[in-house]
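Residue-level listing of the chains:
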Amino acid sequence: MATRKAPETSNISKDDLLAYYREMLLIRRFEEKAGQLYGMGLIGGFCHLYIGQEAVVVGLEAAAKTGDKRITSYRDHGHMLACGMDPKGVMAELTGRSGGYSRGKGGSMHMFSKEKHFYGGHGIVAAQVPLGAGLAFADKYLGNDNVTFTYFGDGAANQGQVYETYNMAELWMLPVIFVIENNQYAMGTSVKRSTKSTTLFGRGTAYGIPGEQVDGMDVLAVKAAGDKAVAHCRAGKGPYILEMMTYRYRGHSMSDPAKYRTREEVQKMRDEKDAIEHVRDLLLQAGHASDEDLKAIDRDIKERVNEAAEFSKESPEADLSELWTDIYA
Amino acid sequence: MATEILMPALSPTMEEGTLAKWLVKEGDKVKSGQIIAEIETDKATMEFEAVDEGTVARLLVAEGTAGVKVNTPIALIAGDGESTATVPVAPPGAGPVAVVSDQAQAMIVPPASMKPAMAIPDEAPDMGWPAGTPVKTMTVREALREAMAEEMRADANVFLMGEEVGEYQGAYKISQGLLDEFGTKRVIDTPITEHGFAGLAVGAAFGGLRPIVEFMTFNFSMQAIDHIINSAAKTLYMSGGQMGCPIVFRGPNGAAARVGAQHSQDYAAWYAHVPGLKVVMPYTAADAKGLLKTAIRDPNPVIFLENEILYGRSFEVPDLPDYTVPFGKARIARVGSDVTIVSFGIGMALALDAAEALSKDGISAEVIDLRTLRPLDYDTVISSVMKTNRCVTVEEGWPVGAIGNHLSATIMTRAFDYLDAPVLNCTGKDVPMPYAANLEKLALVTVAEVIAAVKSVCYR
Ligand SMILES: Cc1ncc(C[n+]2csc(CCOP(=O)(O)OP(=O)(O)O)c2C)c(N)n1
Ligand SMILES: [Mg+2]
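Listed in order, the protein sequences are those of chains A and B. Residues in the first sequence are numbered consecutively from 1, following our numbering. Residues in the second sequence are numbered consecutively from 330, following our numbering.
Same shape as in the complex, but just chain A (with noise of 0.2 Å):
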């Protein structure tokens, strides 16, 4: 884990360091109550939790401009939550409800929103790589100036097609940002386990693709690095890889043995590097914010999580007659 730079607060803004931490702390909140509606046996099947990697998106979304598209693996809430979509829509997802985003047909892996350009929500590892990389062929195409984010983790970067995807990508400039959320692990396989190979964003040299590790637990230097990748893909001179240094501090889903790893380390890392702490230090150093502030954006968010959480239960079953819609356009 690269290690996290001083904090160059001076060109941050005090908006945005409070945006960052309100949609960390959302998703966060929104992650937790996930957990606890899982267990009431509300929310059913995998449940992929974001909870510990929030710099990650949070960062690059305040990289990108209306437009830019996203796509992601299963574990997609806080990618969701990021792009703006609806915590209800999201929630009521889970609980499989109409109200969700998919009218309860997606789940907790698969969800979708045209509107605000999130193209899901895949579960199939590795499988958005070359789909992100087409939705950033369609706006070439189109001779639009929009980027696609495609994030993958470091399991999915050892699958073959996203080799096969790099090399178009490359081939064809593609405006395509390739997001490995290294968080570590792959289940319950360590990047050193699965590779020799660990330095992930290094593989893109082989196709010409350039890229740089990021410490992802720091929402400032994921924006700053987001910043530049856009603007390489912005100005025609295709795809760029971004290792994305982060941890998961839940298990892999919601039913993970947690023998892989200690109990030592996940706690090291949420008391030295977690990101939503560190922007609140941040706000409070600066005197941006005071104790009371924050106080109140934490109750503010609770009662949007809560919010979604009632109407994920009170959203009616999904429709018996949905099973037969949707098949064909």
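Because the hints were derived from the structure by calculation, they are not lab data. On a predicted model such as this, the values are computed, not experimentally measured, just so you know. We put the beta carbon where it would ideally sit given N, CA and C, even for glycine. Hints may be right or wrong, so weigh each one.
Here are some of the chain A residues that sit facing chain B, going by a computed Cβ distance under 8 Å [to be verified]: (1) His110; (2) Leu131; (3) Ala138; (4) Tyr141; (5) Asn144; (6) Asp145; (7) Lys237; (8) Asp326; (9) Tyr328.
Guided by the hints, dock chain B with the ligands onto chain A, whose structure is given.
Just chain B with the ligands now, kept in the frame of chain A:
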């Protein structure tokens, strides 16, 4: 004597339409060439002209009526000096009395032979277009190329991607000339990377384009099948209807000749298994063209299974600016009364050869070309079997989980009491395709096997 004006067929595939608007009322005088009505099809609204002069005696179909079948009388025109009050009705089939105002004119059909009523044996088989339509002879290869070129001209978001589709002009020359006409932006040579480019194309479809992905052969689509099924076929459903995937995966499917086990598989049943996909497998050049155009316009992922052996065969193709064939509509290629033979793709060649041979033995076989496997035209198969009481299916693919298995089950469920014999499935043999010429011949389904199956169900 008053003449009937009949609901016109405004395209070769039109069977019914909406009488959107009358531009004349009863008692009006009409001149020939005068536009008297607007008629809406699923594709367009067209103006409809009177041919003869006269007076509108009666409007038989109210404006706004939908689902008016082609050749239904819609108005009566009284000739000069005739009373419009008590006009005698001309016998049906008195001939076309009106034309449409565009090129569709050529498609106006004599009413009597409009639709092959399959209940009547000895009826002419269904060509797939109205009699009188101008035709040209072309190969399946040319038909496919024409379909792609026409659709690419019509929609700038349609593009072709695949291995060797551009500079090499297509491994099987289907895309010959397309690079010259459309350039490298729209005719894209890919690296040899089926999994990757299939996924990329699906993403491009999510992003608003209409990709045509050529697999050099469908054997290689197995590397891409995850994206075809998990990404393309299922996303509309998983997204609650938000994220459609208009894409065509096309290329040669099935056995060519002596190319061995890894290059000879028929994927018809594999892909037909998947809800969310549409699956097309044409036999004739006309169907290849009309169905491919429909596939490119379809908002869903379409698997378009071609056949290398058929590429060079010639058929008549309607010489029309925009010939399309709808999905889910089987074609009765030969009318018969003793047995129904159902097939698709290259299996049709065997089915038709068998039917011809059987006719010399006094067995009258009706041959149905399914054209599309998803959607599948069950009704045409069932009504034919209810007439003939016997059925044999023919396909190149393996016997386990074959399309014929599924048809047998459907026929058993829907027409059990009509069956005089068990349905027999003629399929490829349950073996990987051997290389040796003699063995390959054995592995493939043959005309002799179809004939034997038909004789068996006819107890002959
Ligand atoms: C093709 C495929 N193989 C296996 C799985 C099962 N699986 C789901 S998530 C996962 C681990 C992926 O880890 P990583 O890419 O690092 O993402 P993370 O879960 O850490 O976000 C595996 C093996 C799958 N969904 N798809
Ligand atoms: Mg991981």
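Here's how the hints hold up against the structure:
1. His110: At about 4 Å, which falls below the 8 Å cut-off, the nearest Cβ of chain B leaves the hint on A:His110 intact, so it holds.
2. Leu131: 4 Å, holds
3. Ala138: Hint holds; A:Ala138 Cβ to chain B Cβ min 3 Å, cut 8 Å.
4. Tyr141: At about 6 Å, which falls below the 8 Å cut-off, the nearest Cβ of chain B leaves the hint on A:Tyr141 intact, so it holds.
5. Asn144: 10 Å, violated
6. Asp145: Cβ of A:Asp145 sits 14 Å from chain B, so the hint is violated.
7. Lys237: 19 Å, violated
8. Asp326: For A:Asp326, the interface hint holds, since the closest Cβ of chain B sits about 4 Å away, which is under 8 Å.
9. Tyr328: 5 Å, holds
In the structure shown, a violation is registered for the earlier hints numbered 5, 6, 7, in ascending order.
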